[in-house]
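Based on these hints, arrange chain B on the given structure of chain A.
Take a look at the letters that make up each chain.
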Amino acid sequence: MARKISILIVDDEESVRDSLNNWFVEDGYQVEVAENARKALQLIESSQYDIILADIKMPGMDGLEMLRRIKALKQDAIVIVMTAFASVNTAVMALKDGAYDYVTKPFDPDDLSHLIRNASKQIELSQENETLKNKVSSLDNVEDLIGNSEAMKKVLKQVESVAQSNSSVIITGESGTGKELIARAIHANSSRKYYPLVSVHCGALTESLLESELFGHEKGAFTGAMYNRKGRFEMADSGTIFLDEIATISSKMQIELLRVLETKTFVRVGGNKETSSDFRVICATNRDLKSMVEQGIFREDLYYRLNVVNISIPPLRERVEDIPLLVDYFIKKYCTTMNKPHITIDDAAMQRLGEYPFPGNIRELENMIERAIVIGNGKKITLKDLPFGKDMIDNSIESLDDFEKSFIRQILNKYSWNITRTAKALKVDRVTLYNKIKKYDLKPDE
Amino acid sequence: MTQQNITLISFGYLGKHFLEEIAQAVTREYTYPVIVKESHLDLNEFFDASRRQYNGNKLLTAVNAISNETALKTIGLFSVDLFIPILTYIFGQAFLNGQTGIASLYRLSNERYGIEPDDKLLLERFTKEVIHELGHTFGLIHCTTPVCVMRSSTYVEDIDQKDRGLCNNCRAHPGLIHGV
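Taken in order, these protein sequences are the chains called A and B.
One point on numbering: in the working numbering, the residue at position 227 of the first sequence is 227, and numbering is uninterrupted.
For the working numbering, count along the second sequence from 1 and bump the result up by 1000.
Chain A on its own, in the form it takes in the complex:
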């Protein structure tokens, strides 16, 4: 259902406020009034208005100054200024300062209706534009879901059946398996597809930043909060919110999140007004939430609230039959992006890819193919274009010691175990190198 357009009328004359209020209410708009600029700015800071209709000449702060402040607060606000015939020059100044239009008092009823209708149309168009942008990006990303294996078919079937419902979904899988793509696919196939899909990477934000990111904040709520800001829950109204790395959120955030999921209402940081939003929640994690619940690290009630449907994405090593399809897809994708002719991959390289365990999953495969296209001969991807040689980063490295051991071994091999040349290359003395060889139990035949 189309949302009612809201109008704020700012005029110091009561009769003008009342007349306009009645006029717009009869036209089906949602109307609020303010008798001066200061009150109007307070209202604008705490609520959202689509159109602000303001008199230029008011005691105290005039309409022009108010317009500048509104524009500083909300760049895209639609402000229409009302002026007496004698002050048309001032109205022109207002247009230069970003006013949408002006009307001369008293107005012809038809002029006023036209003006508001045009402004409403612009609001609807920009909302539609935003929706279409989201739709396009969502559907683009669904095309990245490649796979013909039984495991992947099962996942896609689950996506299809869960998309039409409104249930919360948890997507689990190792890093790089494409959890966000699955979330996009669910959103793009749901009835919410024409509304935003808002993603939040919980692991990348501190607790206070995450709170502000999710719930929004009021101007002055904390140092650096220069403007009112909508939170992700508010942005996801009528759409879907995707919370990635959900297992990383703090206990305090778990409680707050649970409350929001239960009531679908929240208060902006530093605010006191409850805001409601109709969103669907999809979460993702590469950790075992159930065992986190058992260990008391993750709230059980939140777990059950989120885990209505669980979609588990298999790692790439468990669906090796999908590798050729994925390779072909990434070759096409990157050749197109880099404006190169379509190339192929030789059998030896493909066989090697099939044998590799891909701890970084599809993301790792994608990076490999992109790199191979960049450094290759432009005709065929061969084994030498793939990072399985000496320059390949060993994914078994988990600590500094592992790294040091691997690096020293690499340099020793490079100089055929010539200790003097290796020590010189490593910029250490021979004794230190011998100690390291001993410490890591390195041998020439390794």
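Mixed in with the good hints, there may be bad ones.
[Stated by the list, open to error] As a list, the in silico DSSO-like pairs of lysine-lysine whose alpha-carbon atoms are at most 27 Å apart:
#, chain 1, residue 1, chain 2, residue 2
1, A, Lys-121, B, Lys-1162
2, B, Lys-1016, B, Lys-1120
3, B, Lys-1016, A, Lys-105
4, A, Lys-57, B, Lys-1058
Just so you know, the hints here were simulated from the structure itself, not pulled from any lab data.
Below, chain B without anything else, positioned relative to chain A:
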């Protein structure tokens, strides 16, 4: 017990036949009995010399003050040029979800626009205007259906485009409690 009615009060002579026709149309649309009265207000008190028009807000308040308690809704009928401070003119206005409205035929006649007089058309326009303002008193807002009487009209041509009656959507409005 007195049955609830819609009262039309004529301020100034509008013609008996004219008023009866409007009353019948209102009864047909809202199914309440309609009482037609004549009354008097000193219109000089409502005249704005700088605009050479009559203040619609003040007139609406005055009509509201004299409306009969037994009347469910009251519409004051005028033949003077109405304005409200922010608009150059109005055909009429009403308290949304209230008891009272006003309407004027001043800007509805063909002569006002230099066209041949047409009394039948004038009656038709005024009837629509009265039914429209009554709709507001029942809580109806402007409708987007082209032929609905509740469609907003800022020119007489707009009034001519619409019908006398409410569209099905407006008719189903919960505020619209029909009479017998």
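Going down the list of hints, with the structure as the test:
1. Only pairs whose Cα atoms come within 27 Å are accepted, and Lys-121/A paired with Lys-1162/B is accepted, the gap being roughly 23 Å.
2. For the proposed pair Lys-1016/B and Lys-1120/B, the alpha carbon gap of about 14 Å is at most 27 Å, so the pair holds.
3. Taking the CA atoms of Lys-1016/B and Lys-105/A, the gap is about 38 Å. The hint is violated against a cut of 27 Å.
4. In summary, the hint linking Lys-57/A to Lys-1058/B is supported, as the alpha carbons are separated by about 25 Å, within the 27 Å threshold.
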